[in-house]
Amino acid sequence: MSASGIRVALGLPAAGLALAALAVAGLPAFYESFLYLIFSWVALATSWSFLSGYAGYFSFGHGAFFGAGMYTTAALTTMFELPFLATLPLAGALAAALAAGIGAVVFRVRRLRGELFGLLTLAVGFVLATIVLNTPIDGGPGVYLSGVPLPRLLASPTGTLYLLGLGLAVATVGTAYAISHSRLGLGLYAIHDDEDVAELKGVPTLAYKLMAFALSAGIAGVAGGIHAMYVSYVTVGETFSITVPLYVVLMSVLGGARHWLGPAVGATLIASSLYVFTGGQQAVLGRALVALVLILVILLLPEGIVPAALARWRRWRPRPVEVLAPPAVAPAAVAPAGALGCHDVWRAFGGIQALRGVSLSVEPGEILGLVGPNGSGKTTLINVISGYYPADRGRVTLGAETLTARPAHEIARLGVGRTHQIPRPFAHFTALDNVALAATFGPGRVSPRQARAEAREWLAFTGLGRRAAARPDELNLHERKFLELARALAGRPRVILLDEVLSGLNPAEVASAIRLIQQIRERGVAILFVEHLMRAVLELSDRVVVLNEGEVIAAGAPREAMRAPRVVEVYLGKAHVA
Amino acid sequence: MLTLWRLGSRGALAWLLLAAFTATAVAAPAGPPVRIGSTLALTGPLAPTALLHKIAGEIYVEELNKANGLLGRPVQWVLLDDQSKPDVARSLYEKLITVDKVDLLMGPYATSGILAAMGVAQRYQKVLPHHSFGMPHLAKYEGHFPTAPFGPQPNVTVPTTVFDALAATANPPKSVAIVTSKFPSAQFLSAGARDVAAKRGLNVALYLEYEFGTRDWGALAARVKDAQADFLWIGSLGLDSNQLLEAMKKLDYTPPRHFHLFPAPGPLALAPDGKLALATTVFEEHPPFTKNPGAARLVPLFRERATRANVPYPYVDTQAGGSFAAWQILEAAVTATKSLDDKVLGQWLRQNRVPTIIGTLRFDGPNNYGDDLFKVKQVHDGKWVVVWPREFAAPGARLLPP
Amino acid sequence: MPSLTLLGQAVVSGLLAGGIYALLALGLSLSWGLLRLVNLAHFALALLGAYLTYQLGTALHVPPWAAALAIVPAFFLLGLAFHAVFAYFRVSEFGSLLVTFGVAVILESLIQWFWTADYRRYETAYATASARVGPLYVPTLELLACLTAAGLALATWAWLRFTYVGKALRASAEDPVIAAAFGVNHRRQAFLLSGVSAAYAGIAGAFIALISTLAPSQIWAWVGVVFAVVIIGGLANPIGALLAGLLVGVSESVTMAVVAPAWAPLVSFSLLILILILRPGRV
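Chains as they are written, first to last, in this note's numbering: chain E, 19 to 596; chain L, 4 to 405; chain C, 7 to 289.
Do not take every clue at face value.
[To be verified] Computed footprint of chain L on chain E; a stretch qualifies when at least three of its residues, placed anywhere within it, have a C-beta under 8 Å from a C-beta of chain L:
1. 25 to 32
2. 45 to 55
3. 167 to 181
4. 238 to 249
[Stated by the list, open to error] Not close to chain E: a few residues of chain L, all C-beta gaps over 10 Å, as computed:
5. R38
6. N68
7. K88
8. S115
9. G122
10. M138
11. P155
12. P187
13. Q190
14. E214
15. G216
16. G297
17. R306
18. T340
19. V388
Note that these hints are calculated values from the structure, not bench results.
Everything numeric in this text was worked out from a predicted model, so none of it was measured.
All C-beta atoms, glycine included, are put in the ideal place defined by N, C-alpha and C.
My request is simple: use the sequences and hints to build the entire structure.
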C-alpha cells in the first residue's frame, strides 16, 4: 500500500475511535446529537459523490434513497416489529436495489447524461414520495417510532445514535478513499471526463456506474434508517423535502466533489453553520450570511475547498518532475497476433446508409490504408469495429473471436485499440495517467504500479517522456496526437485503428510519426490506417482499400488501387479518368 | 417629617409596615434568573404561525418581569430557531437542557417539533408545556401538558361540536363534502369528521385528500361543485382555504356552508369569499373570553406588538391564546408549588385545574388531555365571532344562515 | 366516473395552471440552454417580483400592470448585474447551481426580513372573475397568465429564430469558439439574455402575486415542477417550454379530477421519466 494509503488506513479508524471514546466518556447530549447530524450529512454527501462527483452523473435523487431507507426502517419496526438494527441493512439493500433498477434502465440510454440524469433522479424522488404518501406505508398521518426499542450501545439513546452515525460516516469516508484509489475509482474518473473514450479503452462503464450508484444509494438508505429513529416521527413532507437532495450537492461541491475527503469537509462546514445562527434575533440574517459565504467560496474556489487547499500545499512543496529518457529498445512485444476481418458490414443512421456491405481484412504485421473522400464512411467503420456503434448487419472478427454485438469495453480488452481524429484525452488526468488507464484496463490484469511503468515506457516510445506530468490542456496538438497514440498502444492491442493521426502535423512531425508506425508494425500489430495524406498512405501501406459512400470501390497494392479509374473519378471527377 | 414624629410609635410602625409591604409587592424580581428554554420555527415554512407564538411569549415574559417574576426571580426566555425542522428541534432541546442548562422548558411550534422535543423532555424527565399539538394519541409522555385543548379524541369531539352547531340551525345539512390536506393532524380530524357525519346519518357526498402544497385548485373546486353538498368541510392549513374558495368562485360556486380546520384566520376573515366561513377557536377578542385571566393585558399588547412586527392580522386567537395559556400553566404550577422541580410541577398539574385565558384546563384524562374546549366561530363582516356553544357566543351573534 | 363537465373543467383549469409553469420555465430554459447556467435564483426573483407587485398594489394602490411596467425593467438590470458576476468569475455550470442557490437563500431572507414569514394574499376585485364558455368556466386572471405565457413564448421563439441576436445566442451555445470566430460577441449577447430571463421572472412574479399565496418558503414549492417542465420542453426551446407547461398542468389537473388528488405528482413526474427515456433524439 502507498504511504498515503497507510496514513489513511491508520488515521481514519483512529479518528473514529477517538470520537467514539468521547461519547463513552460522557459528552453532553447536545454535542452528541449535533455531531450525529454532522456524521449523517458526511455519510450522505460522501456517498453522493461516488457516482455524481467521481463519474460526473449529477444525481438529484439522493433524497429518494434516504427517504426509502427511512420508511423501510419505519415500516419494518412498526408494522412487522423487526428489531431496529436488523432493519438497517435491509434499508440499505432496498435503496441499493432501487438505484440498480433505475440505473439498469437509464444508464443504457446514451442521451441521459448530465442535467437530464439529474432531472430524472429528482423526478424519482417525487414519484417515491407520492407513492409513500398514498399507500399504507404512510398514507398521510406519518409513522410514529417512539415505541420502538433502541439497542443500548451506550447509556443514552442519543449516544447510541451518535455511535451508529459515527460508524456509518467512518465507513463511508473509508469507502470513498478505497474507491478513489481503486480500478473502480479510476474508471469512474475516466467516465467523468469522457465516457465514450473510457468505454473504448476497456472501462466497463455500465457495470461501474451501476456499482457506484447502488453503493451510494445503499449508504443513503442506511443513513435514512438511522435517522428514522432519530426523529422518531416520520412524515412524507419532512422526509422527501428538497433539503437532502439539494444540500448534498452543495456540501460536496463546496468541499470538492472529486476528492474522497471533499464532501466530508463540505458537510461539516455547512451542517455546523446551520447551528451558528439559531439564536432568536439573528436567525433570518444568519441564513443570508451563510449563503453569502457559500457564494464567495464557490466563486473563488471553483474546484472545492479540499482540492484548492491541496493545490496550495503542493505549490509550497513541489514534487520533482519525472523526466523519462527514450528506451534503448522498444518495449516488449504485445499479445499474440490475430487477423482483423470485416465481413459484409452494414450500418445506417436514420435515412443515411453509411456502410454498405464493407468487407476487408488486416493481417498481423500489416498496414492497411483506408482512404476515400470525406463522408465515405471511414470513421463510421472504425466506430463499428471498435464497438462504439453496433453493426446493422454483418460480422467483425478478430482471429477466432467475433466482435460484433459485444460491448465496446470487451472489444477493447480483446485487443482492439483506436485513436480519435480529434484527440480526446481525459482532461483531468496527466499524460501519464491517461496512458496508465489504458494499460490498467487492457487485456490481462496488471497492478497499478505495473500499469504506470508501462505507461512511462509508451510515453517515452512516442517521445513524450518529458511531458508525463503535464495536463492535456498544456500540450500542443502534436503532443496530444502522440498521447492518443501512446494511450492506444498501452492497451496492448492486437489491432490498432488510426484515425487521421497525421492531420495537422508539420512535415518533420509527420516523418517521426511514420517512423513510429513502422516500429509498431514490426512488433506484429495489425494496423488499419485512415489517412488523407497520400504521401504517407503510399509510403506506409502494404495494401489499400478505397471507400466511397460506404462501399469498397477498390482494394489492392497502393499505387494500383489509387490509379483505378473508379477511384480517380471519385476523387477528381469523370473528366480526369484517362 | 414632623407629622410622622407626631404619630408616635404606633403610627411609625404602621408606616414601616406599609413601606415594607409596598416594597415586597412592587419590588422588581431579583436574584439569578429563572431560565426557560424553547425553540420556535423562526425561519422556514412554519415561520408564519410561529411568529405569533414568539410575540405572545415575549409579552408574557415581560409582564412577568414587570410584576414579581417567578418566585421573585426574573425570567429569561432562551429562544432558539429550529428552522421548522424536527431534527434540529430535537438537538436544540438537548442543547437547552445539557449545555445551556435551563431550569424549565416550553414547547416548540407544531406537532412534529413537539414530538421531537417531547422525546428529549422524556429522557430528562422535564415538564413540557406546549400549545400546538394536533394528535393526542401520539403524546405518550406523562410530563407533557397541552394547551391546545383538543381533548383525548379530537377526531370525534371536534367534528361533533361542529355538527352540533349546524344541527341547531333551522336547516341542518343533509349531505357533506369533505376535502382535506394530507397534513397529518388535518387528515386525522377530517377522517374523523367523515365517520361522525356518517354516524349522524349525513350523506358523505365526497371525500378527498389533497397533497400538502397543492398549487392548482381548479380540479378540486370542480369536484366540490360537482358534489353539490349542503355543507363543505375543508381540512385546510394556512391559505388553502382562501385558494379553494377562490377557485370555486371562479366556477361561480359558493358552498352553502363551509368549515375550515386550520386556516390562517386573518386572510380568511378579510377575503371577499370568506363571508360566513366557519372555524374552531378557543379564544376571540370579545366577551366572555375577554374576561378570562390575562386577556385584558394580552389583547392590547398583542395588537401593538403584532402591528409593529408587520403581522397582517394582529388579533389574539387560538394560536396566541394557546401560547399564552401554556405560559400561564407553567407559572401557576411554579407559584403554587414554589418549586422549579419538574417532578413536583408535573404532579401538581396533573392534580389541579388551572384557569387560563382560554378557559379552565385540566390534565387528568388519557395522555394528559382533559376537556375539548373548542368552540365554533364564524366570519361576520370581516371579523371572527364565536357562534357556538350559545353561552360563549359573541353578544347577539348566531350561526348564519340561521 | 366523473362527468364530462368535470373533466372538461379540469382540462381547462390544468391548461391555465400550466400557463404559470410555462411563464416560470421560460426564463429558466433560456438561461440554462443558452448560457449554460442553472439558475435557482430564478424562483427567488419571481417571488420577489410577486412581493413587489403585492406591496405596490396594497400599500400604494398601483394596479398590477403598472407595477409590472416598473418591475420588468428593474429586473432586467438585476439580470445584467447577476451576469456581470458570473462572467467575471467564469462560473461553471455546476458552480452556477451553488451560487444561484446562495442568491436564492439571500433573497428569501431579504423577503422574510421585510415582509415577515406570514402568509400574504393580494386580494383584488377581479380575482374570481371568469368567463363562461358553455358549461365551462375560464377564470380570467389565469387565462391572462396563460396568454401572456403563450405570447412571450412565441415572441422569444421568433427572436431566437429570426433576429441576429437570437441566432448569435444559439450559435454561441452550441459552439462558442467557432461563433466567436464568426464575430459573435458572446459577452454582450449573454448579458442581454440574462436581463431578458430576469425580466421574465418579474412577469411571472406579477401573475403569481395575483393568483397564488405568498410566503418566503414558497420559492422552493415550484422548483421541482418547473425543472420538469424545462426538461420536457427542451432547453432553450420556448415553444417547448410552453407546451410542456400545458402538458404538465393538464396531467396534474386531470389526475386530481379523476382519482385521489394526492396522486397528481406521480402522474406528471412519471410522464417526465417516460418522456426522457423514450423520446428519440437530442434534447
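Tested hints:
1. With a cut-off of 8 Å between beta carbons, the stretch 25 to 32 of chain E has 0 residues touching chain L; three or more are needed, and the interface restraint is violated.
2. Counting residues of the stretch 45 to 55 of chain E whose CB lies closer than 8 Å to any CB of chain L gives 9, so the stated coverage by that chain holds, three being the minimum.
3. Taking a C-beta to C-beta cut-off of 8 Å, the stretch 167 to 181 of chain E contributes 3 residues in contact with chain L, enough for the three needed, and the coverage statement holds.
4. Only when three residues or more bring their CB closer than 8 Å to a CB of chain L does the claim for the stretch 238 to 249 of chain E stand; here the count is 3, and the claim holds.
5. At the 10 Å boundary, the C-beta of L:R38 stays outside the reach of chain E, the nearest C-beta of that chain being 14 Å off.
6. Residue placement check: L:N68 keeps its beta carbon more than 10 Å from all beta carbons of chain E (closest about 17 Å).
7. A cut-off of 10 Å between C-beta atoms contradicts the statement that L:K88 is not in contact with chain E; the least separation is 7 Å.
8. With a least beta-carbon separation of about 6 Å from chain E, L:S115 fails to lie farther than 10 Å from that chain, contradicting its non-interface assignment.
9. A beta-carbon of chain E is positioned within 10 Å of the beta-carbon of L:G122; the least distance is around 6 Å.
10. Distance check on L:M138: its Cβ comes as close as 7 Å (rounded) to a Cβ of chain E, failing to clear the 10 Å threshold; non-interface status is violated.
11. L:P155, annotated as away from the interface, keeps every beta carbon of chain E farther than 10 Å; the closest lies near 16 Å.
12. With a closest Cβ-Cβ approach of about 5 Å to chain E, L:P187 is found to fall inside the 10 Å limit, against its non-interface label.
13. The beta carbon of L:Q190 sits about 4 Å from the closest Cβ of chain E, which is not more than 10 Å, so the claim that it is off the interface is violated.
14. The Cβ of L:E214 does not lie farther than 10 Å from every Cβ of chain E; its closest approach is about 7 Å, which violates its non-interface assignment.
15. The beta carbon of L:G216 is not kept farther than 10 Å from every beta carbon of chain E, the shortest such distance being approximately 8 Å.
16. Listed as a non-interface residue, L:G297 keeps its Cβ farther than 10 Å from every Cβ of chain E; the least gap is roughly 23 Å.
17. Every C-beta of chain E lies more than 10 Å from that of L:R306, the closest at about 22 Å, which supports listing it as non-interface.
18. Non-interface call for L:T340 relative to chain E: holds, since the shortest CB-CB distance, roughly 27 Å, exceeds 10 Å.
19. Every beta carbon of chain E lies more than 10 Å from that of L:V388, the smallest distance being close to 32 Å; the non-interface claim holds.
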